[in-house]
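Undergrad: Protein chains in written order, with numbering that gives the first Met the number 0: chain D, 0 to 708; chain P, 0 to 446.
Since the hints were made in silico from the structure, they are not lab data.
Be aware that a few hints might be false.
Here's a subset of chain P near chain D, in silico, CB distances under 10 Å, partners left out [to be verified]: (1) L122; (2) K126; (3) D129; (4) C296; (5) H299; (6) R363; (7) L365; (8) R412; (9) T424; (10) I428; (11) G431; (12) P434; (13) L446.
Listing some non-contacts, in silico: residues in chain D with all C-beta distances to chain P over 12 Å [stated by the list, open to error]: (14) F1; (15) L3; (16) R23; (17) N39; (18) K43; (19) R107; (20) F143; (21) V288; (22) F308; (23) Y340; (24) V357; (25) V360; (26) K393; (27) R701.
Note that beta-carbon positions come from the ideal geometry of N, C-alpha and C, so glycine has one too.
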Amino acid sequence: MFRLSKKIPSVCTDDPLSKNEVSRKMTLMRQILISSFGPNGRLKQVHNNVGGPVLTTSTSSSLLQALRSTDPLLKLINASILNHLSRFSDCGLYVGILCLSLISNVQRSGLRPSVAISLNQYLLGLCTSYLKQEDCGCKVNIDFGSSQNLVTLARSVISSKPACVLTEKEQRHISTLVVHAFLLTVPFGDTSETVRLGRIVRVCIEGQSVLDSAVFQGLLVDAPDMLLPSTGVERTRLGSGPFRLALFTVSLSGDLSVLGDGSLEVHRGSPDPEDIVLDQLLRLGEQVVRDQVDVFMCQRVIHPVLQHFLRRNGVLVVERLGVALIEPIVQMTGAQAVAVYQTPVPPEAYGQVKEVCVRKVGLKEMLHLMPCGEPALCTMVISHRNETMLNELKSACQKVEYVLRLTLRDPAALLGGGCTETHLAAYCRSKGSNGAAQTASSMAVSQSEFLLGLNAFCLSLEAVSLALEHDGGASFIDLTHAHCWSVPSDWVPQWGEGVDAPDTCRCGLVERSTQPAQGVKREWTLLNTRYPPFIPASWVQDSSSVPLVKDTNPLVKDTSHLVKDTNPLVEDTSHLVKDTNPLVKDTYPLVKDTNPLVKDTNPLVKDTTHLVMDTTHLVKDTIPLVKDTTPLVKDTNPLVKDTTLLVKDTNPLVKDTSHLVKETTPLVEDNTYKPRVLDSFTAKLNALQVAVETANLILDIRYIIQDVN
Amino acid sequence: MYEMTKRISLTNGEVVKVFKEMEGSIINQRCHTGLQELTAMGAVAHSFLGPNIKHKFIQDESTGESFLVCTCFRVVDHIDLASSIGCVVLLSAEQASLVHHMKERSCKVVLINGDLSEKYCHLGFNKPTDVRYVADKLDLKSLSKGEVWEEKVLTTLLNNNVNLVLVSGEASERFTQRCVGHCIVVVERVKPAILKDFADTTGAVPVTYATQLSKRCVGIGVDISVWRDFSGNGRRASIAVNIATDHSALVTVVLSSNVQAKLQALEDQFWSCAYRLHHALKDKKLLRGAGMTELLCIHHLQKHIEGRGQKTRGQGGACFGNVHRDYVLHLMVEGWMDYIATLMLNSGTCSKVSAWTTINQHLRDLNGELSVDAVFSRMVLRDDNENCVNSPEIRLSPGRVYDNINVKLEAWRKALDLVFLVLQTDTEIITGIDPKQVDSQSHVLVL
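Pulled out of the complex, with its shape left as it was, chain D reads as follows (with noise of 0.2 Å):
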């Protein structure tokens, strides 16, 4: 029988944005958005109409998950946040906000769609293009033999979640923590074309302080406490030296392999199908024992009797270690993950680890593999009080980790604390109106048009300003280097003086104290007036602000010439073939570099003996060199082979500059002067783009057609 319904014509909306109801969900989307910005902002409790979980949160990828709406422009803007965040995973709610805002910004200035677009396209295109530019005043490029910009960029992505609840000291812990890692996935000394990053494994623990987080090189495995080693013989067998290492996916539990269709018959006095499987396993295990394999590892379950006689032969196992494990595992081992047990494990897929210990983590027993040679992996433990906050705390480590990455392809980073926004605003009033009428007429719009589109798009961006403000402060912006000023709701300005502003600007880089130029008072206005256009001032880095821009640690400078000199000495190993004449001069830098850096630090100088030990080698070698010249090519050949150590040496020197974060710190808190903020300049910039292509994509829709069978 058919059932035939009546098909419904589909719903066509003409002008949607026009509609009551359309702006009405934009405005509550933009609130809600707008009220969770920020380190001030505040928290969304998020659940289910049914009584499922609670989750308390202000980040982005979390809230935008939960905010799905029945309006498909909001749902398109949605799906472009989310897209935005699955690619730079900062600036989600940045995104939101300027988008809508711009697009409410645009229907109230009253201007046809069409002006808007080409408008908002000229002026991204004038952001984009001054934000790529050199001497563009609100970009700081990072310098990565400092730790201080990362960890300030690393502080103002955790700072900017306040579900964290974290006090000053933990932020600051967290963020040199995140940095640590994110130093120790970056492998040193590798001069091929791709360089693989290496990854940071997350354990997280409920319950401890957030100053008990810390981090391992290598992998933290849970163990239940039943499997630990507990006799003699095995704590012993865990003393050092490389052990090899098994790995299977495949369960190893003995249960029979699907039989498909269909039942299997048994006959009696035939032997028992669970005994056979069970024989194989026993006969993995000998091979195993055999091959002196010293950790066994199983994604999922091992029978208990294969556990049994592989203990017995002093074998350490470990089962159920999930599918997450497995990557690093396989990573950082080199072993190859096991997928059959019927067949003799092939030599080469066992792994090595170097150490395998028992380390207490909390309230949990875990092992301790460390790896063989030096592949960039580590475990970052998180700890927090309670559930809700220690998940805010991983999703942001997460982000900035994401973040960082980002720096290593873009070096730089832009000024946050909405300082970026209104320079940019600034930027473009100043370039928009200077040149108005022949901008206008080049576009074919009239001037009265392009004077009111500026005015929507710089409005629009220094809502995003205005979005990190929330308990009814005032923001300021002054009329020199137009950053961000705020003042809180309760504090009586008295502009005409400039006695009583805040001491920085929201940034932290620009200070009341310094005059903008000789005899030139620093003014303010407030943010949502109009101002006359001026050109912003980049901040000009004078000496007498040099503890705040320019890192303050010598010890890291010097690292950070060493690891630049480390890249042309790989070099120059390169013409040590060719030529052995300036051979000779090439290794006398080396020593000479070498010396100031025994001098300035006290850790390195384990390192830098060696170091130095090496290129007393080098320059010995090379004298038999240069006296005969005959077996020139043979002898070169040890040279080179030297000078790859010499290179190799100098890695856990750089490698050094990963804990010189810690000793960084300190120095930092030294400084008088506020914390700068940063935000990442590429998920910034590409959210700037985003953010106006939607908007102009929504702005664009006439009608929506909606099939509503």
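Since the structure of chain D is already known, use the hints to place chain P on it.
TA: Showing chain P alone in chain D's frame:
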């Protein structure tokens, strides 16, 4: 839980920072689900405060289960102080009779980490459902699969002279009976931690399947003796047996009560007591209990408020950002006052109003010197309780009540965390609702 809700107080800059952001009116207006639930829980938790035993009878209507809850620390009456080192278990009369024969000689033990039955499979093993066992002729003489298994395990046990089998799961009744016939005691439902201790002290290796047992899995040096006979008329005979090893870290505490419903509550009390002791030893210092610490905190806060007030007046205002600070500090003081007042109310010594008066009186007296007021402490403690007279410790030392320092600080910290999260939340987002259903509700906005 009361601590979570009411003691929102630390002289921490952070509190002020958060509270500063809220104006008074907003705090009162805001009443989303989280806050409502907290208030409700706080109200219930009030009656848990203090040393008076106020049992809560909790009943689950759907299952009909019920249990008794209370918080207090008078467990000593119910603990049998004759308990000894080792593991005390209850055995049936038949098994216990074997113990009589076994005493005064050390016996051998095996540990089974699973069930002691033929049907048992380890966790993670999927028993295939589509396997059929087919016989071509009926053989009535041969043993069944289960019998073969029993025979095999029993032979292994007897060959190794095992006298005691500790099983973490359940043991099949038939096999246990057979073991009794061969002088082997089987103890079921032994906790994994206890198995581990026996593994460490006797050298036995825990196995999952009894068929895995071999000579090297057997542990030695276990003493087993009858501890006490609990068999009475009309009840199932059960005899407590102590299983001990040298260097064992196990201690068994026997809690007894003539009311069955109280047993669980008693166990909870025991553990809370044990943890208190543990933390006290770990911290190596204590806080004064019975509201004394809170009283000092109030005193400190009040001085702080006064000091600040004078300072700002001296400067002539203009100290921005801290307008709400005093107000918040005052709220904290009130929170603590309420805590102590509830404590006194629950002790039955006075009404809430007179409690507040007393506290204020004591705060005035405290000015200057910070001495422990024994009278005050006694008011908080149960004075009118009959038990008190019988218990020499409490009668002799009035006012000797202490709290764990780190536990209390942690509780404050956790309470603060919760307050931060709840107060900073301004919107509740409910997902998965059909928009048509909520149109009538005016306070809900649909996105």
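Undergrad: Does each hint fit the structure? Answer for all of them.
TA: Each hint tested on the structure:
1. L122: holds, 7 Å
2. K126: holds, 9 Å
3. D129: holds, 4 Å
4. C296: At about 20 Å, which exceeds the 10 Å cut-off, the nearest Cβ of chain D leaves the hint on C296 (chain P) violated.
5. H299: violated, 21 Å
6. R363: For R363 (chain P), the interface hint is violated, since the closest Cβ of chain D sits about 33 Å away, which is over 10 Å.
7. L365: violated, 30 Å
8. R412: Because about 7 Å separates R412 (chain P) from the closest Cβ in chain D, which is inside the 10 Å limit, the hint holds.
9. T424: It holds, given that the least Cβ distance between T424 (chain P) and chain D is near 4 Å, below 10 Å.
10. I428: holds, 5 Å
11. G431: Since the shortest Cβ distance to chain D is 5 Å, the answer is holds.
12. P434: holds, 6 Å
13. L446: With a minimum Cβ separation of about 5 Å from chain D (threshold 10 Å), the hint on L446 (chain P) holds.
14. F1: Answer for F1 (chain D): holds, closest chain P Cβ roughly 30 Å.
15. L3: holds, 26 Å
16. R23: Contrary to the label, R23 (chain D) does not stay out of reach of chain P, its closest Cβ about 8 Å off (not over 12 Å).
17. N39: violated, 6 Å
18. K43: Given that some Cβ of chain P is not farther than 12 Å from that of K43 (chain D), nearest at about 5 Å, it is violated.
19. R107: It holds; R107 (chain D) is separated from chain P by about 22 Å at its closest Cβ, greater than 12 Å.
20. F143: holds, 34 Å
21. V288: holds, 16 Å
22. F308: violated, 9 Å
23. Y340: holds, 15 Å
24. V357: holds, 15 Å
25. V360: Per Cβ check, V360 (chain D) is outside 12 Å of chain P; nearest 19 Å; holds.
26. K393: holds, 16 Å
27. R701: holds, 24 Å
Going down the numbered hints, you'll see the structure goes against 4, 5, 6, 7, 16, 17, 18 and 22, while the others check out.
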